[in-house]
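Participant: As a plain string of letters, each chain reads:
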Amino acid sequence: MKRRTFIKRSGLASSVLFVPNFLKAHNELWPANLGNKKLVIIQLSGGNDGLNTIVPYTNDVYYKNRVSIAQKKQDLLLVDGEVGFHSALSNFKNLFDDGYVTIMNNVGYPNPVRSHFRSTDIWQTASASNEILKTGWVGRYLDDVVKDPVGAIEVDDMLSTMMKGEKVNGIATKNARLLYNTTKEPYFTKVLENSKDKHLSEHNLGYLYKTAIDAKSSASYIFEKTKVYKSSWEYPKNAFGKQLKTVSEFINSGLKTQIYYTSLGGFDTHANQINAQKRLLNTYSNAIAAFVNDLKNAGTFKDTIILTFSEFGRRVKQNAANGTDHGAANAVFLMGENLKNPGMFNAPSSLLDLDGNGDIKYEIDFRQVYTSLLKKWLRTDTEAIISGTFEPLDLV
Amino acid sequence: MELEKIFHLYKRAGFGTTLTNAEKAASKTKKQVVDDLFQSSTKITPLNVPINEIKALLKNNSGKVSKDTRMQLQKLSRKKLLDFNKKWIYRMGTTNEQLRERMTLFWSNHFVVRDRNIVYFQSFNNTLRQHALGNFRDFVIAVAKEAAMLNYLNNQQNRKKKPNENFARELMELFTLGEGQYTEKDIKEAARAFTGWRHNFKGDFAFREKIHDFESKTFMGKTGNFDGEDIVDIILGQPQCAYFISKKIYAYFVSQEVNEDHVQEMANIFRLNYNIAKVMHHVFTSKWFYDKSIIGNKIKSPTDMLVGMMRIVPYKFKKNKELVYVQKLLGQELLNPPNVAGWPGGRKWIDSNTMMVRLKLPSVLLSDGIISFDVKGEFEDSLTEFNKKKNVGRKLDVESDWNFFENEHKKSSQAELKTVVLGGNLQEEAKSFMDSLEKESKTEYCIQLMSIPEFQLC
Chain A
0 MKRRTFIKRS GLASSVLFVP NFLKAHNELW PANLGNKKLV IIQLSGGNDG
50 LNTIVPYTND VYYKNRVSIA QKKQDLLLVD GEVGFHSALS NFKNLFDDGY
100 VTIMNNVGYP NPVRSHFRST DIWQTASASN EILKTGWVGR YLDDVVKDPV
150 GAIEVDDMLS TMMKGEKVNG IATKNARLLY NTTKEPYFTK VLENSKDKHL
200 SEHNLGYLYK TAIDAKSSAS YIFEKTKVYK SSWEYPKNAF GKQLKTVSEF
250 INSGLKTQIY YTSLGGFDTH ANQINAQKRL LNTYSNAIAA FVNDLKNAGT
300 FKDTIILTFS EFGRRVKQNA ANGTDHGAAN AVFLMGENLK NPGMFNAPSS
350 LLDLDGNGDI KYEIDFRQVY TSLLKKWLRT DTEAIISGTF EPLDLV
Chain B
0 MELEKIFHLY KRAGFGTTLT NAEKAASKTK KQVVDDLFQS STKITPLNVP
50 INEIKALLKN NSGKVSKDTR MQLQKLSRKK LLDFNKKWIY RMGTTNEQLR
100 ERMTLFWSNH FVVRDRNIVY FQSFNNTLRQ HALGNFRDFV IAVAKEAAML
150 NYLNNQQNRK KKPNENFARE LMELFTLGEG QYTEKDIKEA ARAFTGWRHN
200 FKGDFAFREK IHDFESKTFM GKTGNFDGED IVDIILGQPQ CAYFISKKIY
250 AYFVSQEVNE DHVQEMANIF RLNYNIAKVM HHVFTSKWFY DKSIIGNKIK
300 SPTDMLVGMM RIVPYKFKKN KELVYVQKLL GQELLNPPNV AGWPGGRKWI
350 DSNTMMVRLK LPSVLLSDGI ISFDVKGEFE DSLTEFNKKK NVGRKLDVES
400 DWNFFENEHK KSSQAELKTV VLGGNLQEEA KSFMDSLEKE SKTEYCIQLM
450 SIPEFQLC
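Chains A and B supply the protein sequences, listed in that same order.
Numbered by numbering that gives the first Met the number 0, the letters in the first sequence go through residues 0 to 395 in order.
Numbered by numbering that gives the first Met the number 0, the letters in the second sequence go through residues 0 to 457 in order.
Just so you know, these hints were derived from the structure itself, not from any lab.
Any given hint might turn out to be false.
To be verified - Chain B regions said to be covered by chain A (calculated; three or more residues, Cβ under 8 angstroms):
(1) 328-338
(2) 352-360
(3) 441-454
As the list claims (entries may be wrong) - Which chain A residues stay away from chain B? Per the calculated CB distances, all over 10 angstroms, these:
(4) D324
(5) G342
(6) F389
Bear in mind the structure is a predicted one, so any value in this text is a computation, not a measurement.
Even for Gly, the Cβ is constructed at its ideal location relative to N, Cα and C.
Pulled out of the complex, with its shape left as it was, chain B reads as follows (with noise of 0.2 angstroms):
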């Protein structure tokens, strides 16, 4: 396999691969290398911060807690969600298990939640990793059960006297069929279908007979005395749920520019038992991934920008705050989706202030660059907190690994480096440019190259 097709695949299916492995793959067909990526994502290796204190803290409560105790909670979970921002950025910048966390890292984008209580934050977040190459079937159901989906999408307050139909709305629009594909009347049969379905304050999954609608519903042209996981075997067994996912994979993994046959042909297989690692198979093995005009096209993430440098140049942020500092800038907040449709993604991470916060990023990461940009605040913060926001030029406290560069890259040739940073498939005009940047030496290079606009594509 090429060596482009390979830096290729693995920014897309993972987040990026050093010289050495990529050469160690090249002797191996298309079939081996992708074989090889799905192999080392077969164990599923859960990201936990330590929670015992928070845990202890919720073990003996029914749901009521004094104040105190509430503000204790919330004090702790913010700081453990910062610690597990930190860590999941690391875990996708350090993993070999790199497929498993590239599905985790779309599908939080796609069961999009929003929760402060960082046990259930964290069970929901595993809950994805569980079922990220899984059976959609199983998957949905699952994601359904977790208090943090349960709370975002007030399924909490679903009961048969008083039916919200939040998630059984988002279930079909966002999650499952895609808008227009159901009617009014669908939502609130699957809504009373839905009610009951609970979570205790310890975050597990409590089904409440008491406000269970058991009586008859008609949900898709169907009759019965469905529950939820009845209405999701319905909503699996319309084509149009295999199509609207193999769609989104596409999108994300492939191009926002959607060709129907490739996706109808990722839906056939998709169709046949929603396994999700056999439709990722076939889009990493088919001919059309590695199409010129798909491989260097499609616009970094803002995660994709930090693990990607990281996978080149390790780093570290000393402090977490800096890293949630540097993710606001570039618009993306890992634990923050901006609404339950997740970030749009593509050309909407582009405006004028990310553009050129995503030019200086690299020299202040890796190069002690200065920045001078403020972040909004948070909507809980005081008049004080807002007083002081002040533009003032700031170092970020970051260690940079440039042994572990210079180690891999001591035989490497400028034209090896330029593939390992920006890939292999260069318009004619960037290479000219690549070839005017001074290269005296391989850092200042390597920092040139993640410096300009086309590092800004995968």
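Next comes chain A alone, as it looks inside the complex (with noise of 0.2 angstroms):
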């Protein structure tokens, strides 16, 4: 059958009939009290070598375990007497010394678990290693909070566990025109033609055509808020740059969306690791200075706070493949204008009192972090988004 065909009979086209009320729902729908503090969440997928990114150049441990990966003393960003940045992060390195990063040592969970799936899902979800939640923390923030799809934004073209609440999911795009455009296919057109207060009973029925008018309404109101902004500062041109630019033309047009989340993949660095984290680290520091320097000029960098994480960091041994192997506790980066403890948080690990695997030991827990955030930064209760009771730390 030609598809042409499918879509002109079917698409017989009274989109008019749903548009208008689209912006009018997001605007009832959002709770007043909300205020306009941003959260950028971006994952190192495959597990960054914190060791090698924030090197303790002064401990003979990193030096032996580490005989042909360690980073050398003269090639690094220095900061203190301790550590010294890769030197690919010299433009992240600016941030810091300007005052808008936060370092984070040794963050993890108890009983670390070693496998990509399960401990993104872990820190996704926000558990504990030996609990499923079938829901991500950033979900149950738009259950409780939100209660709206356009509440937390994933840019990509799929949506995580972080997303999934209970009641509401958050939406993935990395373009917007793009996901608009699917809503205006034939065949959703067509859906939602039929579905005026139809079928939005408690069948499941009407659960898929209420997700059906949530994505038209969502994909449009997204598009129409952002489609005239266009962000003229100068990004690296590969896919986490754009990713990147995306979320500053999505903060800077004034949509409402509190959250967003994005990654960063090929930090799994079992081999060669050298040169592999080099162009990753920096990749990630052009882009995150691109998109800090983007923010500071339209005036929203003082309500945006972006954390970085990585599902796990790297055995403290390297490899015999001159890469290293999935370890445990990692370095985390908060970065922002107002951070109450800008620098090093706490200090490196020492590397002698490592775990059975010869892996980093926690030493703050990531629900820590998430609790801080969403106390001091969010300013909402925890108890119904993270599970278990953590004491937040002075980070903003």
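Using the hints, put the two standalone chains together into the complex.
Facilitator: Take a look at the structure:
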């Protein structure tokens, strides 16, 4: 069958019926007291080697365990008498020197899991290592506080567990126009034409129609609101740079969305780590610096916090392939204009007291970081969002 | 038996049937139709991709393989797992042993594993198939001895001197009793009983006496020199176990809104001798399975969706990777469950993004539609691979057999087509919607029916 015929025939199109209500709907549902604070979450996917990123250059144990891949002191961007940054992080170092970065060392959780899947699941759902949660922590924030899918956007085409709540899911897009166009295609229009207050029962069919309407409504809100503003800032020409540029355009065009999530992949450096990690950190550093400066320029950086994490760090002892294997606790970065404790939040691991696998033990539970951001930045209680009680840290 | 009910039965207990077959069954009683369904699944047909190459690599090894061999194994295995994924989908889309395959799929989301070794994974999958309608006690023990399970839940590391509780915990929490039905002490004692349950490099079960804890254990109020099988027997002695499994079966096959009376009814039967076929037979012959509130109120899993379409219009992915692409977009890469609890299912399948993909998919697979979403990469991807994502509109290389559909529906009316694609239990509003669709040609009508939310239900 010819697809064109299908489009032509079924696209009889009175999409006019639906458009006017969408923007209004989001205005009406949006909680009045949310404020304009933004949180941007970045996952360095694959497990970044924190030890070769924030390098303890005065620690002999580091050099003994990293015979062929250790970063030499003369190559580092020195921070203090204890650590220096990887040479690829010069733009990141500038942000750090300006007081825009807090680095937390040894962040993790008890009984660490070394599977990418499971550990990502743990970070995304904010669970304990032997606890299975079906919803993500950002999803639960949507359930509890925002109650609207456009409260959280993942800059990707697929929605991660982190963004899924029990009742409300965030939405994924890295191209607002593309998403919008998808909801204008004939099969979609047809569905919505038919859905005017029908089917919206408790029956599963009602749920499907409601989701389709939400999708259309969210896509239309995001597109309409962001279509005019284009960032003129220069970003690195790669996928990650593009993703951050999209986030900046979303924020700077006044989209109400509070939480953004995106990721940079490639950190699973089991072999020939030196060059691979150099390119990755360079990509991260350049894009994040462009992003921060873009936001600063637009006056939105003061209301934005950027959290960067990885599902785990890597083993202290390098492997035989000039790489590193999956480890445990790792460094986490927080960026913003008014941080309570810019600089090194805590000392790096001595590397003398490792766990049974030879990995760094956690000192800060990652759920303390989430709790701090929820309580002190997004100003909400965490009872319905974080399973368990975690002491907030003095971060923001 | 009414057509509507036959389609319902085949969609839930299998993956769908044709109008021709449904009409043949229509002259039979419900019991006869259900008996036929069981009859066609008496045989056990293992699902295998050729793995001689890999077996040869494993054969003369005690576990200490060279790095080269290991790399070679991983590479081969990755490729074979893709083959297996595709073969499994086609098996479900074409087999006459529908009930056995449906049960296999169900159990694969109950006894959940991930394994990158095709030999271990394939063996595990066939163990599910073998016991899918058998005795639950034998099933649990067989699963506990599979390499894929021993690895996934770390029983391979469970030693007398350093017990690992992972398997013992999930055995009770997810596989047999449910949360809160045991104490932490029970977990510790059960873990001791499973020490030494290991597999060798080839993937065969190998009990290691040296690291097994032969001392006395106290588990759920009983004391003895228990080993793993004793633990399973004690667990199955609890009425809770039959209840827990019955409830899970009910939620999957009938409705996530559980009717306690019906579950209790099932549990009473299941408890007698843990015969899986018996309890399933009871479900499919019960009156409540065919209630109006049940028919057409289950959200299809992505696998149901892919396979269900295949039962109406047979199609094939020419590239394995494109099957995985579609599975990922829909949120169910068959061999990669999110965690040991498996996919939660139901409404959890649906978010704005998967909804868009679902509505679009029939035209993408069956009529050259264009799709422009990227999937997330693998954790192992390099930066170069990460940078390749570009949102380009793409057509998938899919071969569809519309001749089969046209032969099957030469004489079908539109109403019959509707029943085949969507089932019979449509809400009143939906009916007028169907009538508004263009139905100049049957193929077009079919795709339109598949592109509406009603098709997401079965």
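Participant: Do three or more residues from the region 441-454 of chain B put their C-beta atoms closer than 8 angstroms to C-beta atoms of chain A?
Facilitator: holds (count 8)
Participant: Checking C-beta pairs, does the region 352-360 of chain B have three or more residues closer than 8 angstroms to chain A?
Facilitator: holds (count 6)
Participant: Evaluate the condition: distance from the CB of G342(A) to the nearest CB of chain B exceeds 10 angstroms.
Facilitator: holds, 29 angstroms
Participant: Does the no-contact call for F389(A) survive, Cβ to all of chain B over 10 angstroms?
Facilitator: holds, 22 angstroms
Participant: When I compare C-beta atoms, does the region 328-338 of chain B have three or more residues closer than 8 angstroms to chain A?
Facilitator: Answer holds; 5 residues pass the 8 angstroms Cβ test.
Participant: Is the Cβ of D324(A) more than 10 angstroms away from each Cβ in chain B?
Facilitator: Given a closest Cβ separation of 13 angstroms, the condition holds.
Of the numbered hints given earlier, the model fails none.
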